Amino acid sequence: MSIDMSQFYEVFFEEAAEHLASMESLLLAIDLGNPDGEELNAIFRAAHSIKGGAATFGFSDMAQVTHVLENLLDRVRKGEMALRADMVDAFLQAGDVLKGQLDAHRGAGEADPAEATRICAVLSALESDQPVVPVKEKSELHQFVLTIAPQANWTQDDVTKHLEPLGRYKVLEAGDVTCPWSVALETTQAELDLLEILAFIIDPEMLNVQAMNADSGEAFGFLDTDQVDDPDNQFGFFAPKAEESTESYGFFEPVGNAEAVQPDPGYGLFEPVSASAPSPTTAGGEGYGFFEPIQDKEPTKASEPVNTASVSTPTPVAEVPKSKAPEKAAASSESSSIRVSVEKVDQLLNLVGELVITQSMLAQTASQVDSVLYEKLVSGIGQLERNTRELQEAIMSIRMMPISFVFQRFPRVVRDTANKLGKQVELKMVGESTELDKGFIEKLTDPLTHLVRNSLDHGIEAPDVRVAKGKPAMGTLTLHAFHQGGNIVIEVSDDGGGLNRERILAKAKERGMAVSDSMPDSEVWSLIFEAGFSTAAQVTDVSGRGVGMDVVRKNIQAMGGRIEIESMHGVGTTMSIRLPLTLAILDGMSIAVGNEIYIIPLTFIIESMQPRPGEVKTMAGKGRVLPVRGEYLPLIALHEIFNIPPKVTDYDQGLVIILEAEGQKIAMFVDDLLGQHQVVVKNLETNYRRVPGISGATIMGDGHVAFILDVAGLVRMSQSSSQILASLTAAS
Amino acid sequence: MEQGVIEVHEAKVNREILVFTLGTEEYGIDILKVQEIRGYDQVTAIANSPSFIKGVINLRGNIVPIVDMRIKFNLGKADYNEFTVVIILNIGKRIVGMVVDGVSDVISLSAEQVRPAPEFGTVLDTAYIQGLGTIEQRMIILADIEKLMSNKDMALMDEATSTS
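Residue numbers (my numbering), protein chains in the order written: chain U, 1 to 732; chain W, 1 to 164.
Keep in mind that the hints are not guaranteed to be accurate.
Residues from chain W shown here face chain U by an in silico Cβ test under 10 angstroms; the list is partial [said to hold, decoys possible]:
id, residue
1, R38
2, G39
3, Q42
4, V43
5, T44
6, I46
7, I57
8, N62
9, V96
10, T126
11, A127
12, Q137
13, R138
14, L156
Read the hints as simulated data drawn from the structure, not as lab findings.
As the structure is a prediction and not an experimental result, all values here were calculated from the model.
Cβ coordinates follow ideal geometry from the N, Cα and C atoms, glycine included.
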């Protein structure tokens, strides 16, 4: 075959990865007691699809593992074997092995062949266990050649009468008074049993039973021979399959059906690959599914395959290249989506950003011309602004993906870690459809994994401890994602033992950190983010080394987010990660302080007002408050925080903007409110560094740089004036 | 000295140096680190930043911080007019601008023209000085601008990311 398959490799890799992922998530979600038939089918189809593709491209290691996997899956989904927990574990491990092999073929790492062999052995062992469900007794089939001496005086009737109940038979040589009968028999009975049964019928001296062993090449037309070492004879033997799907990688359609004799093209071109495939003589379907053990006793079908064998053997060879096309068509019609590289989307986003800047420049210029004279121009620019806004929203949504992409790996992580630690944990995931920027999805995985492991290791107690405390033995770990203000919040909550305040304080003192016993809880919890901090008594390979939490916090801050902890002793702990929702473009109000212009993101602004003279009150001489609709809000002056000489100092001459961030409201005093703008956010930290109170920068219509306020940071700053001073000295 | 060993390897290759003046001294930096040279205008001040960090500018869509070397090293007169020169540097992954008194020329120095610097005598910490170049009567102080800009003192980068 001279077709270069390597150009299709990438498609196979991506699709196989998707199949593996869906297989894993289905396996994790499956209900052992009452597995859903459709789910089992879906798992089977995933494995089957991987096998077909792997075989086509010559990835025989993957084909081998998937073949064994598929056999066991097939039996489970047909109800012949009950699904057990150890089977699910084996399936999951097989998935891991396949992932490793896939990565190796992609060029990233080495696959471990010993691991593949091991998992094949495990799966085969599981399959050959006596089935728990006696629905369809699947037992071994043996082939014998019976030689019946002429003295027995057997006739054809005898053959029919006695042998038919035993199984399928075929007369090789009809006997009569001089010649012995020679009959090939395929039966579920073992040799000894057969002899016993026949002893009732025939004098043992006149009967010779010879078991057919695997080496004899002739199959006598019986359909089932697991002759792994002798591939050539086996092409074209196929079994009536009970039902099978349109996917027919390597399976030939049941010949016995009324439909076409023509087998569906399959990837029927693979050799039973290697000696390492375990080959029991049981009907395990070794030989890559060319033949199925006969399940029903239908002797009529036996003869047909022999005839069609010769017809179909040449066809599989020719069919292979063609068959890929219909398969691809089938796959792509399921979901109409296109794979696009991330760079293209980013470039698109940048270009739209520049478009917004240009459009706002035009808008600014247009606002200065005579709107009556240039009516068309002005209205055209208004139209442009609407179009640009819609375009930008659409483009930004391309990069947004549901957070389920991050969450989907956690059922597995929780399951494995909980098993390893001997704890019982139920994982709940809420808000999986909450969307966030794609760039965050990759960066969130590590910190979240760390938090989840911490919860499992330190938070949730062992089942007996929990019961002693009056809690249910099964702990609950909740991953909750939601939008709040301009942020996305992800919470990792457990109902474990909570953080131990005394231990943390003791550890901090031990390390010489400046702590006091009267520190508020929130500050005590923040101590665990210090490098090297761990109150775990022992280091496990899951956690405890104290290298995790500071890295977690750093990673989250690098994304422009924050992490906070709430905990109650004996009740549980919640860690909240807050990330900005949109990176690139936001709506803001521009305000003036002195000669500087700042932008406040619109999502934080509640209202603006001008206080009346004397409305602003002081507290304890330091803090200022402003009554707004019945509540007293702390007042901060931007010119004080940023050390800018203001144009107005009297509160009733300037403007107060009411902001809300993280559930807290503050009043911010500025000189004036200039206007509303849509701005492209530029990262300040690309070339500079983080400035307290500033979350980014933007380029105004006239080319000037304006800073965007970090409202949440300002809210925190407002919480005590001592903190304002601290942040000022740290910045300078 | 280690610099001598390095120079032996580089003996075959002449270094291209951009020479600029700060006060009465001439400094030279690797031309490959220089992205462009421009004037000084429209700088937006950053709140609560050190006095030598003038602020940021919009360089074709990028936010670039501007440092005034004359203030930082107390050389020359820090005034801003149409003759003020800003050298835009491309250091590693960052773009940074520095205000200098003037830019003179680009020269090519061979290894023989570079001498080791004594341990004292200049404003810059000698860790940043790669050597002294001699051309005719001029002495060019060759500075490792990347190391200089990454230094904590310059406060241009967060500590986590600074290279020094």
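Verification of the supplied hints:
Below 10 angstroms, beta-carbon pairs count as interface contacts, and R38(W) has none with chain U, the closest being about 14 angstroms; its hint is therefore violated. Because the beta carbon of G39(W) sits about 14 angstroms from the nearest beta carbon in chain U, more than 10 angstroms, this interface hint is broken. A least Cβ separation of about 6 angstroms between Q42(W) and chain U falls short of the 10 angstroms threshold, and the interface hint therefore holds. Contact between V43(W) and chain U, as hinted, is supported at the beta carbon level, the nearest pair being about 8 angstroms apart and thus within 10 angstroms.
Interface hint status for T44(W): upheld, as the beta-carbon distance to the closest one in chain U is roughly 4 angstroms, under 10 angstroms. The criterion of a C-beta within 10 angstroms of any C-beta in chain U is met by I46(W), whose closest approach is roughly 6 angstroms, and the hint holds. Using the Cβ-Cβ criterion of 10 angstroms, the hint placing I57(W) at the interface with chain U is satisfied: the shortest such distance is roughly 7 angstroms. The restraint placing N62(W) at the interface with chain U holds, with a minimum CB-CB distance near 7 angstroms, inside the 10 angstroms limit.
Hint status for V96(W) relative to chain U: holds, with the closest Cβ pair at about 6 angstroms, below 10 angstroms. At its closest, the beta carbon of T126(W) sits 26 angstroms from a beta carbon of chain U; the interface hint therefore is violated under the 10 angstroms criterion. For A127(W), the suggested interface contact is broken, since its CB lies about 21 angstroms from the closest CB of chain U, more than 10 angstroms. Because the beta carbon of Q137(W) sits about 37 angstroms from the nearest beta carbon in chain U, more than 10 angstroms, this interface hint is broken.
Look at R138(W): its Cβ only gets to about 32 angstroms from chain U, farther than 10 angstroms, so that hint breaks. A distance limit of 10 angstroms between C-beta atoms decides the matter here; for L156(W) the minimum to chain U is near 6 angstroms, and the interface restraint holds.
Of the numbered hints listed earlier, those contradicted by the structure are 1, 2, 10, 11, 12 and 13.
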